[in-house]
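Chain by chain, the residues:
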Amino acid sequence: MSFPDLYQQYRQMTDHRILMSFKGVFAQPAIVEMASALRGKVASRTNQTMVMKRIFAIFVELSQNILFYSAETEKDEDGKDNGVGILIVSEMDDRYCVSSGNLIYTSRVEGMRKKCDIVSAMTKDELKVYYNEQRKLPRSSESKGAGLGLIDMARKSEYPIEYGFTPFNDELSFYMLSVYISKGQEQ
Amino acid sequence: MIYNMMLERTKTTPGVTTHVEDGIVEIEGEFYPEDAVAFFTPISEWLSAFMAEEKRFLTVHIRLTYFNTSASKCVMDLFDQLQSYHYVSGGAVETYWHYQEDDEDILEQGKEMIDGMDMKIFFMPYSV
Chain H
1 MSFPDLYQQY RQMTDHRILM SFKGVFAQPA IVEMASALRG KVASRTNQTM VMKRIFAIFV
61 ELSQNILFYS AETEKDEDGK DNGVGILIVS EMDDRYCVSS GNLIYTSRVE GMRKKCDIVS
121 AMTKDELKVY YNEQRKLPRS SESKGAGLGL IDMARKSEYP IEYGFTPFND ELSFYMLSVY
181 ISKGQEQ
Chain U
1001 MIYNMMLERT KTTPGVTTHV EDGIVEIEGE FYPEDAVAFF TPISEWLSAF MAEEKRFLTV
1061 HIRLTYFNTS ASKCVMDLFD QLQSYHYVSG GAVETYWHYQ EDDEDILEQG KEMIDGMDMK
1121 IFFMPYSV
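These protein sequences, in sequence, are chains H and U. Residue numbers are given in the numbering used here: position 91 of the first sequence equals residue 91, and the series is strictly consecutive. Residue numbers are given in the numbering used here: position 27 of the second sequence equals residue 1027, and the series is strictly consecutive.
Honestly, the hints are just simulated from the structure, not real lab data. Just so you know, not all the hints are guaranteed correct.
Unchecked claim - The following residues of chain H were derived to be distant from chain U, with all beta-carbon distances above 10 Å: (1) R11; (2) K75; (3) T106; (4) E158; (5) E162.
As the list claims (entries may be wrong) - Taking lysine-lysine pairs in the DSS-like style, the calculated list, with each CA pair at most 30 Å apart, reads: (6) U:K1111 with H:K124; (7) H:K136 with H:K114; (8) U:K1011 with H:K128; (9) U:K1111 with H:K136; (10) U:K1011 with H:K80; (11) H:K23 with U:K1011; (12) U:K1120 with H:K124; (13) U:K1011 with H:K156; (14) H:K183 with H:K156; (15) H:K183 with U:K1011; (16) H:K156 with U:K1111; (17) H:K136 with U:K1011; (18) H:K128 with U:K1111; (19) U:K1111 with H:K115; (20) H:K75 with U:K1011; (21) H:K41 with U:K1011; (22) U:K1055 with H:K128; (23) H:K136 with U:K1055; (24) H:K183 with U:K1120.
What the hints assert, rightly or not - Covered stretches of chain U, as calculated for chain H (at least 3 residues, CB under 8 Å): (25) 1067-1073; (26) 1093-1104.
As the structure is a computational prediction, the values presented were derived from the model and not from experiment. Heads up, the beta-carbon is just placed ideally off N, CA and C, and yes, glycines get one too.
Please put together the full structure from these sequences, using the hints given.
What follows is the structure, given as structure tokens:
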């Protein structure tokens, strides 16, 4: 068959109100173009500055997470490694959802889960304190933003972050993270 | 006198302009490059040179409409650098943090960054 599941996928994505979806290499130029296109799409749906800005910010943060930290990478023309993953932005009745997925080494799952557990259990005030503490820490080779991304996204969202891990093969697991942005009151 | 610096704004890096004779630095745009530290290093080096050689009053205008978490650490480092100049030379820095009037996140970020510092900062809303 020359069109494997193509219509079915299209139908499904339409039904799920997918604004944007991408699976592949998250190189910086591609992220910039997608983020810009997303900004336009959201702007046509809302007049609220903060809704637009926060979706944009979360999209960039999740995309760059894939770029830097996915265990699955591809080399570009310059020989630089770029992460591979999947990112989906969808619309619901009362909110937008930005979800990302990528492979990580299974040995990192427990550490990541703990980080997510801590952040998702915090109140807004606790997140603020934690964020500003973490921002003072020096950068490490493992994290360009000293692990600030997750905390920042949780602060921008009115809902708890959702996350999960599922085994992929002997050494890799699939890491999923969803962040929601409320549509709020249209003006 | 040290040279002026002029960086064109790109989609992911802010434009940077300096006026040595008036002691003014302007940073304006979006800030989420792949490597925020590499972008920001020449700026902090320019500031170090100004502070060491010019030793004059410095006015910094920051008008960032978006920065990612990695870039936010660079902005924090910038504040640390300004604070220490202010401290060492006694009140020689004024910072203007410009934000879109309904952008509560950018305003909040600026406030949190200067929390605990005693240099002069002015929050300047603008409308689009």
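Hint check results:
1. Consistency note on R11 (chain H): stated as away from chain U, and its beta-carbon is indeed over 10 Å from all of that chain's, at 34 Å minimum.
2. At roughly 15 Å from the closest C-beta of chain U, the C-beta of K75 (chain H) stays outside 10 Å, upholding its exclusion from the interface.
3. Under the 10 Å C-beta cut-off, the non-interface status given to T106 (chain H) relative to chain U holds; the minimum distance is some 26 Å.
4. Here E158 (chain H) stays apart from chain U, with its beta-carbon at least about 13 Å from theirs, past the 10 Å limit.
5. The non-interface label for E162 (chain H) is consistent with chain U: the shortest C-beta to C-beta separation is roughly 20 Å, beyond 10 Å.
6. For the suggested pair K1111 (chain U) and K124 (chain H), the alpha carbons sit about 16 Å apart, so the restraint of at most 30 Å is met.
7. With a C-alpha separation of about 21 Å, the suggested pair K136 (chain H) and K114 (chain H) falls inside the 30 Å cut-off, and the hint holds.
8. Restraint check: the Cα-Cα separation between K1011 (chain U) and K128 (chain H) comes to about 28 Å, which is no more than 30 Å; the hinted pair holds.
9. Between K1111 (chain U) and K136 (chain H), the direct Cα distance comes to roughly 15 Å. Compliance with the 30 Å bound is thereby established for this hinted pair.
10. A distance of roughly 21 Å separates the Cα atoms of K1011 (chain U) and K80 (chain H); the hinted pair therefore holds under the 30 Å criterion.
11. As the CA atoms of K23 (chain H) and K1011 (chain U) are separated by approximately 23 Å, the hinted pair is consistent with the 30 Å bound.
12. Of the supplied pair hints, the one linking K1120 (chain U) and K124 (chain H) holds, its CA atoms being roughly 28 Å apart against a limit of 30 Å.
13. A distance of roughly 22 Å separates the Cα atoms of K1011 (chain U) and K156 (chain H); the hinted pair therefore holds under the 30 Å criterion.
14. Of the pairs offered as hints, the one joining K183 (chain H) and K156 (chain H) holds, with about 13 Å between alpha carbons and a cut-off of 30 Å not exceeded.
15. Using a Cα cut-off of 30 Å, the hinted pair K183 (chain H) and K1011 (chain U) holds, with the two alpha carbons roughly 26 Å apart.
16. For the suggested pair K156 (chain H) and K1111 (chain U), the alpha carbons sit about 16 Å apart, so the restraint of at most 30 Å is met.
17. Distance hint between K136 (chain H) and K1011 (chain U) is fulfilled; the C-alpha atoms sit about 27 Å from each other, no more than 30 Å.
18. Distance restraint check for K128 (chain H) and K1111 (chain U): the Cα-Cα separation of roughly 12 Å lies within the 30 Å cut-off, and the hinted pair is therefore satisfied.
19. Taken as a hint, the K1111 (chain U) and K115 (chain H) pair is honoured in the structure, with Cα atoms around 26 Å apart against an allowance of 30 Å.
20. Distance check on the hinted pair: K75 (chain H) and K1011 (chain U) sit about 23 Å apart at the alpha-carbon level, within 30 Å; holds.
21. Distance restraint check for K41 (chain H) and K1011 (chain U): the Cα-Cα separation of roughly 18 Å lies within the 30 Å cut-off, and the hinted pair is therefore satisfied.
22. A threshold of 30 Å between alpha carbons decides the hint, and for K1055 (chain U) with K128 (chain H) the separation of about 36 Å lies outside it, so the pair is violated.
23. For the hint linking K136 (chain H) to K1055 (chain U), the alpha-carbon distance of about 27 Å falls within 30 Å, and the restraint holds.
24. Proximity of K183 (chain H) to K1120 (chain U) is assessed by CA-CA distance (about 36 Å); at most 30 Å being required, the pair is judged violated.
25. Given as covered by chain H, the region 1067-1073 of chain U passes the check, having 5 residues with a CB less than 8 Å from a CB of that chain where 3 are the minimum.
26. Restraint check on the region 1093-1104 of chain U versus chain H: 4 residues with Cβ-Cβ distances below 8 Å, three needed, restraint holds.
Going down the numbered hints, you'll see the structure goes against 22 and 24, while the others check out.
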